[in-house]
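Listed below are the residues making up each chain.
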Amino acid sequence: MTRPKPEDDEYWNSSKFSAFTFDDEDDEFTKMKESKRAVNSMLVDDDDDDDDVEKVSWSGEPIGSISWSVKETASSIRSSGEQSFPKIDITPSLPKQGSGYSLSSLFKGKQQVICCSAFTDTSVRAYAPELRKPKSECKDYMSDWSPEETVRRMRKGKVFSLERFRSLQEKLLLLDEAVSENDGNVITAVLIYLKKSLSKEILFRELMLREIALRHYVHYLKEMGEQKLLVELMKALGRTDDMALMQYKEHLNIKDEGQRRDFLKNCLSLPFSQDDAIHVQDHYTLLERQIIIEANDKRGDAEIFKKFPRKASILNMPIITTLYYSCFYHYGESDGTFSSPANIRKTFRISEKQYILTALGARAKLKSWFDVDSLFNTKNWLGYTKKRSPIGFHRVVDILQKNNAPVQVLQEYMNLIDDPELKLSLAQKYKCHDIVIDTYRDLKDRQQLIVYRGKVERGSKEDKKIEELLCNMQIRWKN
Amino acid sequence: MAAHLSYGRVNLNILREAARKELREFLDKCAGSKAIVWDEYLTGPFGLIAQYSLLKEHEVEKMFTLKGGRVPPADVKNIIFFVRPRLELMDIIAENLQPPREFHILFVPRRSLLCEQRLKEQGVLNSFTNIDEYILDLIPYDGDLLSMESESAFRECYLENDQTSLYHTAKGLMTLQALYGTIPQIFGKGECARHVANMMLRMKREFAGSQNQILPVFDTLLLLDRNVDLLTPLATQLTYEGLIDEIYGITNGYVKLPPEKFAQKKPGEGGKDLPTEPKKLQLNSAEELYAEIRDKNFNAVGAALSKKAKIISAAFEERHNAKTVGEIKQFVSQLPHMQAARNSLANHTSIAELIKDITTSEVFFDNLTVEQEFMTGVDTDKVNTYIEDCISRKDPLIKILRLVCMQSVCNNGLKQKVLDHYKREILQTYGYEHILTLNNLEKVGLLKPQTTTRNNYPTIRKTLKLWMEDANEQNPNDISYVYSGYAPLSVRLTQLLARPGWRSIEEVLKMLPGPHFEERQQLPTGLHKKRQQGENRTTLVFFLGGVTYAEIAALRFLSQMEDGGTEYVIATTKLINGTSWIKSLMDRPEPF
Chain S
291 MTRPKPEDDE YWNSSKFSAF TFDDEDDEFT KMKESKRAVN SMLVDDDDDD DDVEKVSWSG
351 EPIGSISWSV KETASSIRSS GEQSFPKIDI TPSLPKQGSG YSLSSLFKGK QQVICCSAFT
411 DTSVRAYAPE LRKPKSECKD YMSDWSPEET VRRMRKGKVF SLERFRSLQE KLLLLDEAVS
471 ENDGNVITAV LIYLKKSLSK EILFRELMLR EIALRHYVHY LKEMGEQKLL VELMKALGRT
531 DDMALMQYKE HLNIKDEGQR RDFLKNCLSL PFSQDDAIHV QDHYTLLERQ IIIEANDKRG
591 DAEIFKKFPR KASILNMPII TTLYYSCFYH YGESDGTFSS PANIRKTFRI SEKQYILTAL
651 GARAKLKSWF DVDSLFNTKN WLGYTKKRSP IGFHRVVDIL QKNNAPVQVL QEYMNLIDDP
711 ELKLSLAQKY KCHDIVIDTY RDLKDRQQLI VYRGKVERGS KEDKKIEELL CNMQIRWKN
Chain B
732 MAAHLSYGRV NLNILREAAR KELREFLDKC AGSKAIVWDE YLTGPFGLIA QYSLLKEHEV
792 EKMFTLKGGR VPPADVKNII FFVRPRLELM DIIAENLQPP REFHILFVPR RSLLCEQRLK
852 EQGVLNSFTN IDEYILDLIP YDGDLLSMES ESAFRECYLE NDQTSLYHTA KGLMTLQALY
912 GTIPQIFGKG ECARHVANMM LRMKREFAGS QNQILPVFDT LLLLDRNVDL LTPLATQLTY
972 EGLIDEIYGI TNGYVKLPPE KFAQKKPGEG GKDLPTEPKK LQLNSAEELY AEIRDKNFNA
1032 VGAALSKKAK IISAAFEERH NAKTVGEIKQ FVSQLPHMQA ARNSLANHTS IAELIKDITT
1092 SEVFFDNLTV EQEFMTGVDT DKVNTYIEDC ISRKDPLIKI LRLVCMQSVC NNGLKQKVLD
1152 HYKREILQTY GYEHILTLNN LEKVGLLKPQ TTTRNNYPTI RKTLKLWMED ANEQNPNDIS
1212 YVYSGYAPLS VRLTQLLARP GWRSIEEVLK MLPGPHFEER QQLPTGLHKK RQQGENRTTL
1272 VFFLGGVTYA EIAALRFLSQ MEDGGTEYVI ATTKLINGTS WIKSLMDRPE PF
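One line per chain: the protein sequences are S and B, in this order. In terms of our numbering, the first sequence opens at residue 291 and continues consecutively. In terms of our numbering, the second sequence opens at residue 732 and continues consecutively.
Source of the hints: derived by calculation from the structure; they are not laboratory data. It cannot be assumed that every hint is accurate.
[Stated by the list, open to error] One side only, chain S facing chain B, incomplete, derived with CB under 7 Å:
1) Asn472
2) Thr478
3) Ala479
4) Arg505
5) His509
6) Glu513
7) Leu535
8) Asp566
9) His569
10) His573
11) Pro608
12) Ile609
[To be verified] Restricting the straight-line Cα-Cα distance to at most 30 Å, the calculated cross-link-like pairs of lysine-lysine (DSS-like) are:
13) B:Lys808 <-> S:Lys448
14) S:Lys692 <-> B:Lys992
15) B:Lys1130 <-> S:Lys601
16) B:Lys1087 <-> B:Lys1039
17) S:Lys485 <-> B:Lys851
18) S:Lys636 <-> B:Lys1125
19) S:Lys636 <-> S:Lys601
The beta-carbon is built from N, C-alpha and C at its ideal position, and this holds for glycine as well.
If we strip away everything but chain S, and leave its shape as in the complex, we get (with noise of 0.2 Å):
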């Protein structure tokens, strides 16, 4: 159905979307705004829940207030598109009986009845509670309602009243009905009203004693934005490395590479885990860095940006990218510089694995075999020289054969693998015919030879070495 047909289609795809501006309907909809004040402050069976205008009634009431507004029958839906009065008897689409299932009619309340008005009332209330009227006299039967009753009409979505919840105590009842009921819409409006009723210490401190509420208002505070909040929470539950993280986490956010390098660096006194610290040390010292390194290269002066121009910055880049790019560009610069493969190396506490299979990566992509070989010579205590690797010989080659290395290149690093069996299998793969036989001869595997034979050209140079050894009457084949 996202597309449901091709006549629509030229539709989607033609329609353009024009900026909103703020015309002649706006002063449509003010006056249609006013004209409504007008009218709300004459009727009194009306919710009017949509301004913030304080309105007074004849019984001294603030209009808003459902305590005293709204019958059960009075829809609080603005049913009326043209600004007509609110009142309005809605009959309900209802169902008729033996007409078939419908799903509403399975569960929904009679009817349908917004239910906001408990958030403009607790606004008006929450300035000054306490000088608030005793129970009026013209008392509602409404206001005896009791948390389970409440609870339960918030659920139908019918009209409820949250301000009669006055004490702390009653609050509390009413909250723990609304979590025993589960249903989150219920429990986020409760806790909406006691976030406005109450202070800040005395909720987090009941909060704390209900998980389920607490869970509920962490996921409102995160939903609306409420970092500040939420991290104050955090604090007070002692859950700082979740708040340490979550303020980490706003840096994904910010674009400017400057701002978000400051941002890391105020994230540093955070409370991290001992180990989510070093990394986000290391995040902050990496793109502090990467900035300078970025500001240099950007020019390209240097002889191998214009050989090989940069395709991209290096702003946010990992650091083992990071590694490669300067394993590229910067490779044989003093220790002491930011850019060199060196510091960095020593700086992030790269292993030697991963340093070398990044030169390697970048070195071979330059096709300097002469930087590939010196990463893997290392002299004995005789003075001769013999290739040691961290990674199998097998990944070096693998790596080499990816950026292209000659034939040469790729056979002096196969021989160096210890396994035959592995050896064998690379050197048919990258077809290293020289080493294939040279391993069957050590293998002294005739047969084996013999069925390579047929794979190799007629009178090439390795049809004829294969030749050589089958004749060859010294070898004690094993076959």
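Chain B: place on chain S using the hints.
Okay, now just chain B, sitting in the frame of chain S:
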């Protein structure tokens, strides 16, 4: 149109019809011509309920996607917003309003006081004629499958501790019971399962006045927490449907495939006009061939396809035998069906080729080997060199995370040194910001340091027979065929519940997280089912936090087993695979 929903053990078309009726009623409430502005996310799930034609019948003339700016001009009386209750969407809606038109909001699946408050803050709450909710909890996905299509359910339940989706689950189950009768027996395993059962029992008490007079269709409900079995979704699924999902991703019953293999090759046209748009196919049991092969191990699909090919070409050959007018007429009448079968065969042959290219690759084989080593408990306590190699090759991060998590789960946590090593390599190679993701994985238990030296995974594996050496891929005799050896823990639990009952595995159940329980719901007298001799029981298995296609295949296998005694209907919050699952837990899914 949705006939395939009614072929199963339980006619799920009833549920679909109920949902459609509800939709029609809402549309009729907004009299006159209308345009729908869609929260794009919802179009997929709605597609499982209704086609455009239904909307058109109810005077829906235009459809738009919800985005910033104004609704494009449309000569309609009503503008209806179909949205999830998300605050950011409310802001966009507020921007979109532009009289003189009637505006309506339909919240799916539930209205939210929070959203209405936001609309009020924006000063637009007044502008709506109708604010309503469309309860779309459980969507019929196939003849034996229901899904809530709620992508973030696992993350919400297990990471953010937000139980809203569990509430919706309970509500959805109440709807289901209203349509299909009270389910007399409820079993469950896990914290969330317990919670959902509690809510259901409570909701039932509230309706105590009105007895449900429908003869129960389901005998048993089994609620399973996804975190009881964290291992299964991490493994690569090896059924046909599972592999399609692993490789191409099935969304709301559709898959998008690379078009090259689907090009119609006509002689003389050469290679020109190759399609560039991905080929979109609907996958469900309405397609006979697909229903036949979807749950097979991929290694058995080739044989099934060639068998089918022979049958179809034999059927086409029949035309030579048709001599009399009557015979010819009969042949012609069968042509449409045969042509559909031929198209279906062509499509699946192409898909199978695409998949085969991947399953025969070295990368796939190596990955699978390591997975199977972990699942059989080989070297799970040390750093794995294959994973290291994958990291140094910069393979996709999700692949790495799947493997590392699998190792952790199969080792009941990793040694601190091993865990630290993986973490460092991952952060250095993929970026430090992934500490957020790694933390998330730790919180949900997919990745953890070993706290005791006792690893109970081998005990669980042996007791539940999670690894079968000689899995038969062609003619399976056990559910382990869906992962070529590994029998999904979740399905094993389901199987053992039916026979011989969980009492036999108390010890193992205690090793898995969360409580296990049994509840009974009273039926009104007269509704007790009198079971015929040999009649199967029907069990609804609800996976809280997601289920994989391979697990579904395993349950279907159990349903079809001769003298299995139980048929299964499956429900879930979302159809998942390891990749989509891990992705939902990442805080930064896309790299820079």
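Taking the hints in turn, this is what the structure says about them:
no., hint, result
1, Asn472, "5 Å, holds"
2, Thr478, "6 Å, holds"
3, Ala479, "5 Å, holds"
4, Arg505, "4 Å, holds"
5, His509, "5 Å, holds"
6, Glu513, "6 Å, holds"
7, Leu535, "6 Å, holds"
8, Asp566, "6 Å, holds"
9, His569, "5 Å, holds"
10, His573, "4 Å, holds"
11, Pro608, "4 Å, holds"
12, Ile609, "5 Å, holds"
13, B:Lys808 <-> S:Lys448, "29 Å, holds"
14, S:Lys692 <-> B:Lys992, "28 Å, holds"
15, B:Lys1130 <-> S:Lys601, "26 Å, holds"
16, B:Lys1087 <-> B:Lys1039, "18 Å, holds"
17, S:Lys485 <-> B:Lys851, "18 Å, holds"
18, S:Lys636 <-> B:Lys1125, "22 Å, holds"
19, S:Lys636 <-> S:Lys601, "26 Å, holds"
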